[in-house]
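For this one, chain A is given, so just place chain B on it according to the hints.
If you read the sequences in order, they're chains A and B.
My numbering applies: residue 1 is where the first sequence begins, and numbers increase by one.
My numbering applies: residue 414 is where the second sequence begins, and numbers increase by one.
Think of the hints as simulated: they come from the structure by calculation, not from any bench.
The beta carbon of each residue, even a glycine, is placed where N, CA and C say it ideally should be.
Please note that the accuracy of each hint is not assured.
Unchecked claim - With beta-carbon atoms standing in for the labels, derived distance ranges: (1) A:Pro158 x B:Leu565: 52 to 62 Å; (2) A:Asp148 x B:Gly579: 38 to 48 Å; (3) B:Leu438 x A:Asp160: 53 to 63 Å; (4) A:Gln102 x B:Ile492: 26 to 36 Å; (5) B:Ala441 x A:Asn409: 15 to 25 Å.
Listed below, chain by chain, are the residues.
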Amino acid sequence: MRRTPARLIATSFVAALALAGCAAPSAEDASPELDPTDWSSVLDAARGQTLDWYMYDGDEAINAVVEDYLTPRLSDEFGITLNIVGLTDTADAVNKVLAERQAGLSGSGTVDAIWINGANFATGQQADLWYCGYPEALPNAEYVDFEDPAIASDFGVPVDGCEAAWQQANSALVYDSAVLSPADVESLDALTDWAEANPGRFAYPAPPDFTGSMVVRTFLYDLLGDPSELAGEYDEAALADVAGQLWERLNALEPALWRGGQTYPTSQAAVEQLYATGEISAYYTYGPGTVANMVTDGVFPVTTREAVPSVGNIGNVSFLAIPEDSADKAAALVLANLLQDPETQLRFFADGGIYPAIDVERTPDDVQQQFADVPLDDSVLPLADLTANVQPELNSGYVSAIDDGWTTNVLQQ
Amino acid sequence: MAAGGIRRLGSRGSTRLPRALRIGLLLAPALLVVLVLFGGGLAQAVAQSFGYQPFLPQRPLSFDAYRDLWADPAVRASIGLTLRIAVLSTTAAAVLGVGAALLVRSLGRCQPAFAALLQVTLPLPHIVAALAIGLLLAQSGELSRVAASAGLVDGPGHFPALTQDGFGWGIIASYVWKEAPFVAVLVLAVLTKGVADLEDAARALGAGWWQRLRHIVIPALAPALGAASVLVFAFTFGSYEVPFLLGRPFPATLPVVAYQEFRDPDLESRPLAMAIAVFTVLLVGVCALAYLTLSDRLRGAGSAAGRAKVVR
Numbered sequence: 001m002r003r004t005p006a007r008l009i010a011t012s013f014v015a016a017l018a019l020a021g022c023a024a025p026s027a028e029d030a031s032p033e034l035d036p037t038d039w040s041s042v043l044d045a046a047r048g049q050t051l052d053w054y055m056y057d058g059d060e061a062i063n064a065v066v067e068d069y070l071t072p073r074l075s076d077e078f079g080i081t082l083n084i085v086g087l088t089d090t091a092d093a094v095n096k097v098l099a100e101r102q103a104g105l106s107g108s109g110t111v112d113a114i115w116i117n118g119a120n121f122a123t124g125q126q127a128d129l130w131y132c133g134y135p136e137a138l139p140n141a142e143y144v145d146f147e148d149p150a151i152a153s154d155f156g157v158p159v160d161g162c163e164a165a166w167q168q169a170n171s172a173l174v175y176d177s178a179v180l181s182p183a184d185v186e187s188l189d190a191l192t193d194w195a196e197a198n199p200g201r202f203a204y205p206a207p208p209d210f211t212g213s214m215v216v217r218t219f220l221y222d223l224l225g226d227p228s229e230l231a232g233e234y235d236e237a238a239l240a241d242v243a244g245q246l247w248e249r250l251n252a253l254e255p256a257l258w259r260g261g262q263t264y265p266t267s268q269a270a271v272e273q274l275y276a277t278g279e280i281s282a283y284y285t286y287g288p289g290t291v292a293n294m295v296t297d298g299v300f301p302v303t304t305r306e307a308v309p310s311v312g313n314i315g316n317v318s319f320l321a322i323p324e325d326s327a328d329k330a331a332a333l334v335l336a337n338l339l340q341d342p343e344t345q346l347r348f349f350a351d352g353g354i355y356p357a358i359d360v361e362r363t364p365d366d367v368q369q370q371f372a373d374v375p376l377d378d379s380v381l382p383l384a385d386l387t388a389n390v391q392p393e394l395n396s397g398y399v400s401a402i403d404d405g406w407t408t409n410v411l412q413q
Numbered sequence: 414m415a416a417g418g419i420r421r422l423g424s425r426g427s428t429r430l431p432r433a434l435r436i437g438l439l440l441a442p443a444l445l446v447v448l449v450l451f452g453g454g455l456a457q458a459v460a461q462s463f464g465y466q467p468f469l470p471q472r473p474l475s476f477d478a479y480r481d482l483w484a485d486p487a488v489r490a491s492i493g494l495t496l497r498i499a500v501l502s503t504t505a506a507a508v509l510g511v512g513a514a515l516l517v518r519s520l521g522r523c524q525p526a527f528a529a530l531l532q533v534t535l536p537l538p539h540i541v542a543a544l545a546i547g548l549l550l551a552q553s554g555e556l557s558r559v560a561a562s563a564g565l566v567d568g569p570g571h572f573p574a575l576t577q578d579g580f581g582w583g584i585i586a587s588y589v590w591k592e593a594p595f596v597a598v599l600v601l602a603v604l605t606k607g608v609a610d611l612e613d614a615a616r617a618l619g620a621g622w623w624q625r626l627r628h629i630v631i632p633a634l635a636p637a638l639g640a641a642s643v644l645v646f647a648f649t650f651g652s653y654e655v656p657f658l659l660g661r662p663f664p665a666t667l668p669v670v671a672y673q674e675f676r677d678p679d680l681e682s683r684p685l686a687m688a689i690a691v692f693t694v695l696l697v698g699v700c701a702l703a704y705l706t707l708s709d710r711l712r713g714a715g716s717a718a719g720r721a722k723v724v725r
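Isolated chain A (complex conformation) (with noise of 0.2 Å):
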């Protein structure tokens, strides 16, 4: 029989919608039950898979740590070949395991590990998203201090080991020393009085940019003296009496801020850029230990310094989440016990200014004494003055409260 054209397209339409068919993932095909506390069993499992990491791309050094550390012990160990997605949002991540939650592709899913926390690890939470059960059973938890309040909630929301921990991130203020002196940076109020006297050369992104969210916080902090007392389960009432008083610091403070506040920096790269180019001296930052390679690569003024003002410096934790639905999550045990190994703890901090979420004093001697060995830029604070006043996150019901009053009260005004 001869074949016409209309003939061939329909049958291999028909070919086509077939193998569609075929190629539909179903849930029985999903890998056998991995038991964690059998860790050769998860080695055995994760070596051959790819592990697809979502993560903030946004960091040279931490990227390069990863890149140059990370990924050959992954594949030359482990047998695992790792494949950075990067992101500037995490919500881009979650957005994408709850469309494929949606799909139907459970135990297929693309996403195998994102780096998270807060208000994105909640809605993971609400949604029930996450892989759980497993922090306590990775080898190296032995480091790790699961009583620490920072490692057994996040941003208020008990992590119920569906999250490892792997850095910890206190903020700083960043300044140009030839423009500002410390008693410029000594507390808000001066710091406020600075830029009052210099206008436009203070800035911060607009939340809920994540670091734009903490100096909101930052400077609510200081009107409440005590964050305490916004402890626990978010409670609109408590917030309701304090949140008029900031809304009312943070207009008066617009006509000093970059473009006298009429708009803000969409992120906070857009931030950084503007501190580079030098139409800012001084910003908000959740990296103080990355600030030294911008100084060393030239990026930045060798005049940088940071400081800590009086009112303290918010801290949280950052962790690794693996969706239920990850096709490799044996892969993403091997890498969140990779995390917490003391000597990637110590690249980190080494190379990238990343600080330890293990709890140092944990690890051996020798390993205590090459974390106090890492020699440091003039510009970053030691540890200790940058963990001696450090302050919890609120709940992120707060956090998220605090975004939407700060777009309606602020940005909006």
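Relative to chain A, chain B alone:
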């Protein structure tokens, strides 16, 4: 071979496969892509805008998100800005594009080289254009530096704010830089030898420059210009990355506001994000339809219609 096949099918196959079915089958692969990828996404957006979220506890579908949309100050501030940017970008791109096309056409022997030059910006992604415009126009950008070294401004803060500005100059500049050459390429394609011959004939009959433009060139390029304008308008109305990079967090264009809501960690705000997206689609659709109807009527009613047909 293929042509022979089709002829055979046309002559005797028609008795076995009805014509409509045959056309449908031939179009099916292309239609399927459009329907599944675009229609599927749109259907999902509409469903979620009514509150359909299977990963959350079940609840009744509602129009709540559309009510919230009117109450949301971010959306209200956004509509005017989005329309302003889309209309100004489209108008500027159309005027500059037609101007460039007419200029290139008048170049004679150098024409192919300049026509190729117009296509240089076409393959560049919009995000690259936006970053380049940012580096050029920001208060600490190249223009500002040149102005400062020429002694025109004292420092970055004194240079006029052209990015992250309230009006949207940076966004419009980025769109015009990308879209004017696009319009020019489409317009240039319809300004064929036939049009030039008609112009020569008109000139011989005593028509002036303006009369030739008004009665021959504009009717000839109107269909292409109309199509290009609708494409540019729909794109500039619905595009995200340029206003995100060069615009303000508030007021922001509709796609930026939709994405701000989409990224809200609280899944309860997802329906609002989808409602904004659906609303954007509807606005673009209505504007495009109105424009096409209007331009059709103008062409149909105008005395130019007959001549335009002759040209074609």
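Verification of the hints:
1. A:Pro158 and B:Leu565 have their C-beta atoms about 59 Å apart, which keeps the hinted 52 to 62 Å range intact.
2. Checked against the given bound of 38 to 48 Å, the beta carbons of A:Asp148 and B:Gly579, roughly 46 Å apart, stay inside it.
3. The beta-carbon spacing between B:Leu438 and A:Asp160, approximately 55 Å, falls within the hinted interval of 53 to 63 Å.
4. Checking the proposed 26 to 36 Å range against A:Gln102 and B:Ile492 shows it holds: the Cβ atoms sit about 30 Å from each other.
5. At roughly 54 Å, the beta carbons of B:Ala441 and A:Asn409 sit outside the given window of 15 to 25 Å.
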